[in-house]
Amino acid sequence: MSNTNSMSIKEQNKSAASSLMKKNIRKFLRNKLAVFGLVVIVVITVACIVAAATGIDYGTPNPTIMKTPPNGEHMFGTDTIGRDMLARVLFGGCYSIFIGVFCAVMSSVLGAVLGAVSGYFGGKVDMCIVRVSELFQAFPQLVLVMMLVAILGTRSMGNMLFVFVITGWMTTFRMVRNEFMSLKGETYVKVCEAFGMSKSNVMFKQILPNVMTPIIVSTTTNVAYFILQEASLSFIGLGVADSTPTWGNILNAAKSIQVVQNQWWIWVFPGAAISLFVLAINFFGDGLRDVLDAKQQ
Amino acid sequence: MGKNFDSKEIILNVENLNTTFVSDQKKIRIVKNVSFQLKRGKALAVVGESGCGKSVTMNSIMRFLGRNAIIKADSIQYNALRDGKVTEYHIEKIDKPHGPEMRALRGPEMSMVFQDPMSSLNPVYKVGDQVAEGLLQHNKGMTKAQAREKVLEMFRKLGIPDPEERIDCYPHQFSGGMKQRVVIAIAMICNPELIICDEPTTALDVTIQAQIMELLKDMQVKDGKSIILITHNMGLVAEMADEVCVMYMGRVVEFGSLEDVFDHTSHPYTQALLRSVPVLGLADGQKLETIPGATPNPADLKGGCEFADRCPFAEDKCRAKDIPMFELSPGHRVRCLKYSSFPLAEGEPAAAEVK
Amino acid sequence: MNEKKEVIFKIQNLRTWFPITKGAFKKVVGHVKAVDDVSLDVYKGETLGIVGESGCGKSTFGKTVMMLERATGGQVLFNYDGKFRDITKFNKQEMFDFRKKVQMVFQDPYSALNPQKKIYTSFEEPLKVHGMHDQSERESRMQEVLKMVNIQPDYLMRYPHEFSGGQRQRLCIARALEVMPEVLICDEPVSALDVSIQAQVLNLMKDIQKDLNLTYLFIAHDLSVVQYMSDRIVVMYLGKIVEVADSRALYDEPLHPYTKALLSAIPVPDIHNTKKRQVLEGEVPSPIHKPSGCAFHNRCPHCMEICKQQDPALAVQNAENGHMVACHLYAEQQKKLQEAQAAQTGQTA
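Chains as they are written, first to last, in the working numbering: chain L, 1 to 297; chain Y, 1 to 355; chain H, 1 to 349.
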């Protein structure tokens, strides 16, 4: 009896969940900008990954075709030492997107965990963590990067990821902490405490799902933020090593005024890639927020 | 519709008020064909559960609703009586809910006391200034000193201790009951004739509720104000009201004098409501009657009597079409087919032969 | 009659004070005495009503008895099969086991169920935590408690927002019953509900109590609801108990002036009621600056000189039905009663 019932309960579960999903997808599809964002994100990401997987040549200089404007063979032209710009932009996209996604996810995780602990326990723990976060906020990212370069003596991607994660978690932290402080007063949290559930259970299984929506939305927008950060750091020559093409590094090649004036394709295409991708992510994030927020009502 | 009342005696006449809310491209009727009259100097209690449309009705009359509300009425007529002269205002004909005509009415003629005194006051202004604001708005040329004098007078009248000191305090320095007195002072300061109180004591303790109710009763009896009291507490109704209007899902289901409604309770909903509330001093072991089911969602309602699904007397004909009002005795009207032998008071006739 | 009843909670001099801190260094400058020196016995199978105005400490009292709020002082003894153990001194594991004995129903059914989780998950978790690992066993228990509150088991797959207030409160009661508690602490269980729904929930709670022989601690501000539900009623004012009496006795002959005022302040839905209402002056003082002596003296119509200086103790006024009151008006009578009792015990000794 109970067995058949559990079967039916589970089946119902599936149909209910899928109908909710369908409703959300329909709602998302109605938002044209968000759909556009999603399409752009998917197209660029897939293109980059395919390019990287097929192993097109992005690194071998070819002095015979230096600074070729876009043509049939080199759609984006070639750069100052004759490397194909399309290959570089696609390959660089892999790194840039990876940096963006990795840093956004890691900093969100770090921020969410610290925010949860801080907001839920309050008191001295909270005070300590808040002070630490303020300390990090007061430190310019640039100085931290320079310090790391000075200490380690190299410019590497690892450096960059590390610096981005430890300087990027504060916004998520503050948001999650505030949410936790208000949500821990909710009655369902009290109910769980009355049942004697452990603190980690209450924190991560009960309260955290209710904070997931803003975390997800802020993570998506953070992806854009970190891509831009990487681009600007690499542009001034403090980011990833020159040998690794990221969108910022490619732009770095266009630092000289001659290139900016005469070889527009060297900076327009990576620049456009960055802008387009960031814009798409922001549109997508907005759409996502609308869908996820409505579910809570 | 012809005018069949004495505007000296009736202060507010509402006929066939309908309020519809538009949300998500769907129209939901919240208030349906509500009609009532309020006699000058009397207290009318509007009773009902949350979601029955009692607050929306009053907000429709005050024109406080947002843009997504469509208000339609045959007549919302307010009759002001000043120095023996009657001025009629037709609120339903005023186009702009925030225009000068409506603003001139709110405050000097009719005003409202809201449920939550904690959020009715602006925390960054002194209470005295908040009370005086209405005065200065409606009396051009009045100086601040004069207004302050008036506010002090009002504070004294409402029993706020040490008015000279309290007038310069901020709302957070007041307790809940005192805040509600300040809110009442704001409503009263322009000396309106009609005061609409939307659950004025729900957020307060019982002993404070008693104080506030005493105050409102005094205003009605001594100053001759007309009061509309919105509440869900039958006890307060019995103590305060002269006439009672029971609402359920946007309709007036029973209307009558206090005696009519309490001693000759006729609508099954009113009966159930009165019997399901615990009363002090119930005999041991006596059980409360329950109303089965839950209040329906206004968006899911089909035609017919809204109460039919929870009513012990419901029949098929109850669900067929909208139920008209029947007049059981002069002034006592009930919207229930149980009384279809009585003359029709309003609405479509159920059978063709009745007028 | 009282002697026959078994005590399940013995609360002795319970205090819950919240510190008020000031400045950057969180210096403690005073205390909010939410529950101040409360002693009380709760009998098995009874409904003990606790009534008072907002800020009187009734909710804090309920939470402290459940140890959701740390007690500042005093003891809460719980009856473990005849042996009393002090729950304020329990360690983590003992506390965890105690959670199965005493459960709580909260005021706001709208926020008592996690909005992100299906009812099924919300119901399953407490059972999992308390060591019921077999899914079919869990489901049969879930169905059992749902049956008690008249909710169909297939509603389990829904989200909380699909339920009405009354249904949600019934779900909350069902969830509390899952771990088979002996005591249910109900903190304003119906005050957030519509009037027409209140009676459903109240009657349901009465039926469940009869079936399971539960003990209720019924906390509410509405005296008429408390009186309907309870066998005995405790009246609290500013963190202290001012009167304890059988529900009937409290209505028929209230002793404390505050109880009298409270009773008369409640509007009665009867138009032929001619009882003159006694309106109390003033408002409840803040629990931070409690008046000296009897906390009620500044609003009391019978205030005497002694009331301003000395806090009256809670003492038995009527030995037959255990009517207790803390008021100087009855001091002499109480003294006589105590002397008589002392003499009696002296004779038998």
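These are computed hints drawn from the structure, not numbers from a lab. Just so you know, not all the hints are guaranteed correct.
Unchecked claim - The list that follows gives simulated cross-link-like pairs (lysine to any residue, SDA-like), each with its CA atoms no further than 20 angstroms apart:
#1 276/H to 258/Y
#2 126/Y to 170/Y
#3 100/H to 193/L
#4 140/Y to 107/Y
#5 27/H to 122/L
#6 287/Y to 270/H
#7 260/H to 281/Y
#8 93/Y to 7/Y
#9 260/H to 316/H
#10 101/H to 212/H
#11 205/L to 111/H
#12 117/H to 210/L
#13 222/Y to 80/Y
#14 124/L to 113/L
#15 217/Y to 281/H
#16 217/Y to 279/H
#17 10/H to 108/H
#18 8/Y to 315/Y
#19 287/Y to 206/H
#20 22/L to 289/L
#21 199/L to 69/H
#22 128/H to 196/L
#23 210/H to 182/H
Stated by the list, open to error - Take a look, some chain Y residues computed to stay more than 12 angstroms from chain H by CB distance:
#24 122
#25 209
#26 248
#27 257
#28 275
The C-beta atom is built at its ideal place from N, Cα and C for all residues, glycine as well.
>> Name the hints, by number, that the structure is in violation of.
In response: Hints 17, 18, 25, 26, 27, 28 not satisfied by this model.
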